[in-house]
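Enquirer: The chain contents come next:
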Amino acid sequence: MYMKNKIPNITGKVFVYLMLTILFVVTFFPFWNIFVLSLNEAGDSLRGGIMLWPRHFTFESYITVFHNEEIFAAAKVTILRTLTGVPLTLLNIALLAYGLSKKSMPGRKPLTLFFIFTMYFSGGLIPSYMVIKSLHLTDNFWVFILPGLVNVFWMLLVRTYMEGLPPELEESARLDGANDLLIFLRIVLPLCIPVLATITLFSAINHWNSWYDSYIYTNKKQLVTLSAVLVRILNQYQTGNMLSDAQQLAAGAKRIPVSSETIRMTVTVVATLPIIIVYPFLQKYFIKGMMIGAIKG
Amino acid sequence: MGNFWSSLFHSKFVGLRWFEFFFSGQDFIRVMRNTLASSALTLTIGFLVPIFIAILLNECKNLSFKKLVQTSSYLPYFVSWVIASNIIVTLLSSNGAINQLLMDLGITRESILFLQEGKYFWWVIAASNTWKDMGYNAIIYLAAISAINPELFESASVDGAGRLRQIWNILLPAIKPTMVILLILNVGNLLNTGFDQYFLLGNSMTRDFSDVIDTYSFRYGIQNNMYSYATAVGLFKSAVAFILVITVNRIAKKFETSHLF
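Heads up: the sequence lines are chains A and B, in that order. Going by my numbering, 95 is the number at position 95 of the first sequence; the sequence numbering is gapless. Going by my numbering, 1138 is the number at position 138 of the second sequence; the sequence numbering is gapless.
Bear in mind the hints are in silico, worked out from the structure with no lab data behind them. One thing to keep in mind: the hints can contain errors.
[To be verified] Each computed DSS-like pair below joins lysine-lysine, with the alpha-carbon atoms no more than 30 angstroms apart: (1) A:Lys284 <-> B:Lys1066; (2) B:Lys1254 <-> A:Lys109; (3) B:Lys1061 <-> A:Lys284; (4) B:Lys1253 <-> A:Lys103; (5) A:Lys109 <-> B:Lys1253; (6) B:Lys1176 <-> B:Lys1061; (7) A:Lys13 <-> B:Lys1253; (8) B:Lys1176 <-> B:Lys1067; (9) A:Lys102 <-> A:Lys13; (10) B:Lys1067 <-> A:Lys284; (11) A:Lys284 <-> B:Lys1119; (12) A:Lys133 <-> A:Lys76; (13) B:Lys1067 <-> A:Lys102; (14) A:Lys133 <-> A:Lys221; (15) A:Lys103 <-> B:Lys1067; (16) B:Lys1176 <-> B:Lys1254; (17) A:Lys102 <-> B:Lys1061; (18) A:Lys133 <-> B:Lys1012; (19) B:Lys1012 <-> A:Lys13; (20) A:Lys220 <-> A:Lys133.
[Said to hold, decoys possible] Looking from chain B toward chain A, a few residues come up when the C-beta cut is under 7 angstroms (computed): (21) Phe1021; (22) Ser1024; (23) Asn1058; (24) Asp1104; (25) Leu1105; (26) Ala1147; (27) Gly1234; (28) Val1240.
By construction, the Cβ of each residue, glycine as well, lies at the ideal position given by its N, Cα and C atoms.
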């Protein structure tokens, strides 16, 4: 093990630790800063200078956010689409991957190519919009679920995994009289749990984070997702409030505990929270998923 | 579906009118410039930083510290651009942490308006892209480094080569094939800039620098209802990006077979 070789050079060691500390700060501090700002009084935040700790601590924005019906409804839709979308996506991907993993399947090659083509080429924004519209999916909850039912990249991950399963298992089950569906449900699916777990995580995060479909395809208030709310708040901030910092500072003298700014921070924190919660699982599975992907190229 | 067939067969054929309209206008040059410039910046910075991070992590012998840094380093990768943009906008605002830091260090006296002045925009995009992906991208290099035969380093240190020398003469050449492949693949995605970060970080003040093909097509299509024009613009991008990716994948495959295995 070359690892045992101590770095003789002290400056080198200091440099390595210094740079890694900077890396840690650069990636972690932004999240911490948002968290701190969400806990600070709005009027006071405008004076700036809040880095590591709140200056005037308050829970006010969290209370406001959790009492806000719009945000509450958005969280509900987001949870609902995640709970509906993930199992359906998983089932579709697994079924399709199983079919495409079978060498005996007629038209396997052209079908696979057909799916892969969609990874590299899309008609673009407007044609997608036209299709969604002519399918009457606009302002419909299912616009969140149906277009994403098959993610080709994930499907290929599952297919590759299935191709690696020992064929003897299926053969012996077939000898015992099991049909395709039974083999799929009883033998293939349980064996694929590691790769399916990876995809469950990816899919859940995708659903939780998505805003684009809600933003373009829906107008109904009940169909605004949490991230779409966040996009709207960000847009308002970018267009309206950006130049009026001075005015806000003047207003800040009045001691306002909550503003659209702290609401923005708070919703950001709330939207980040689930990612943090599943983070340990993500770490465990995503490297594996990435390596399978790397082999597939 | 009746609407579908009638629109398919009874639409007026206009030839390449919308493409001509796009190519002859001023917008084409501006939008292509923004796409390529911000992409090239991202490509350069986003390519070098993960290699640097992987080498640093490999040199770190304190495992719990290494784990802490690595865990934090790919946190940004897993949050959406919506969350990331909210964070970036906050940090870069005139009373945000970055301006505070710059003023405390005496680098600037007044707040720099990073997101209101167009000249910063490409750098903001490149930095944001790198911030988000660097930890994740470093993993590939870490895997490549761990595949190097340790004996190479041992015999080098027996011969009296310092750590820096070993990195330069053994480590870097060993991960060079990985670097080349990833660089080639990134070039293939030069036009696929992504939509979210430009849409969310850009605003009307920086439009001249933040408008890329995707946001341009979005604005004309969804916001101005110029469906035909926006489709033409989008199709142009899809086609060119497709050709680029396919060509580059071919080249990468050739490299893979001749240099890696």
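Enquirer: Look at each hint and say if it fits the structure.
Expert: These are the hints, each one checked on the structure:
1. A:Lys284 <-> B:Lys1066: Between Lys284 of chain A and Lys1066 of chain B the Cα gap is close to 16 angstroms, so the pair holds against 30 angstroms.
2. B:Lys1254 <-> A:Lys109: 22 angstroms, holds
3. B:Lys1061 <-> A:Lys284: 21 angstroms, holds
4. B:Lys1253 <-> A:Lys103: Holds, at about 24 angstroms.
5. A:Lys109 <-> B:Lys1253: 20 angstroms, holds
6. B:Lys1176 <-> B:Lys1061: 24 angstroms, holds
7. A:Lys13 <-> B:Lys1253: 38 angstroms, violated
8. B:Lys1176 <-> B:Lys1067: 25 angstroms, holds
9. A:Lys102 <-> A:Lys13: Answer violated: Lys102 of chain A to Lys13 of chain A is near 53 angstroms, above 30 angstroms.
10. B:Lys1067 <-> A:Lys284: 13 angstroms, holds
11. A:Lys284 <-> B:Lys1119: Since the Cα atoms of Lys284 of chain A and Lys1119 of chain B sit roughly 41 angstroms apart, the hinted pair is violated (cutoff 30 angstroms).
12. A:Lys133 <-> A:Lys76: 25 angstroms, holds
13. B:Lys1067 <-> A:Lys102: Not OK: Lys1067 of chain B and Lys102 of chain A at ~40 angstroms, beyond 30 angstroms, violated.
14. A:Lys133 <-> A:Lys221: 18 angstroms, holds
15. A:Lys103 <-> B:Lys1067: 42 angstroms, violated
16. B:Lys1176 <-> B:Lys1254: Given pair Lys1176 of chain B, Lys1254 of chain B holds - Cα atoms ~15 angstroms apart, limit 30 angstroms.
17. A:Lys102 <-> B:Lys1061: Distance of about 46 angstroms is beyond 30 angstroms: violated.
18. A:Lys133 <-> B:Lys1012: 21 angstroms, holds
19. B:Lys1012 <-> A:Lys13: Given pair Lys1012 of chain B, Lys13 of chain A is violated - Cα atoms ~70 angstroms apart, limit 30 angstroms.
20. A:Lys220 <-> A:Lys133: Roughly 15 angstroms between the alpha carbons, so the hint for Lys220 of chain A and Lys133 of chain A holds.
21. Phe1021: 15 angstroms, violated
22. Ser1024: 21 angstroms, violated
23. Asn1058: 9 angstroms, violated
24. Asp1104: Cβ of Asp1104 of chain B sits 9 angstroms from chain A, so the hint is violated.
25. Leu1105: 13 angstroms, violated
26. Ala1147: 12 angstroms, violated
27. Gly1234: 3 angstroms, holds
28. Val1240: 11 angstroms, violated
This entry does not satisfy hints 7, 9, 11, 13, 15, 17, 19, 21, 22, 23, 24, 25, 26 and 28, going by the numbered hints stated previously.
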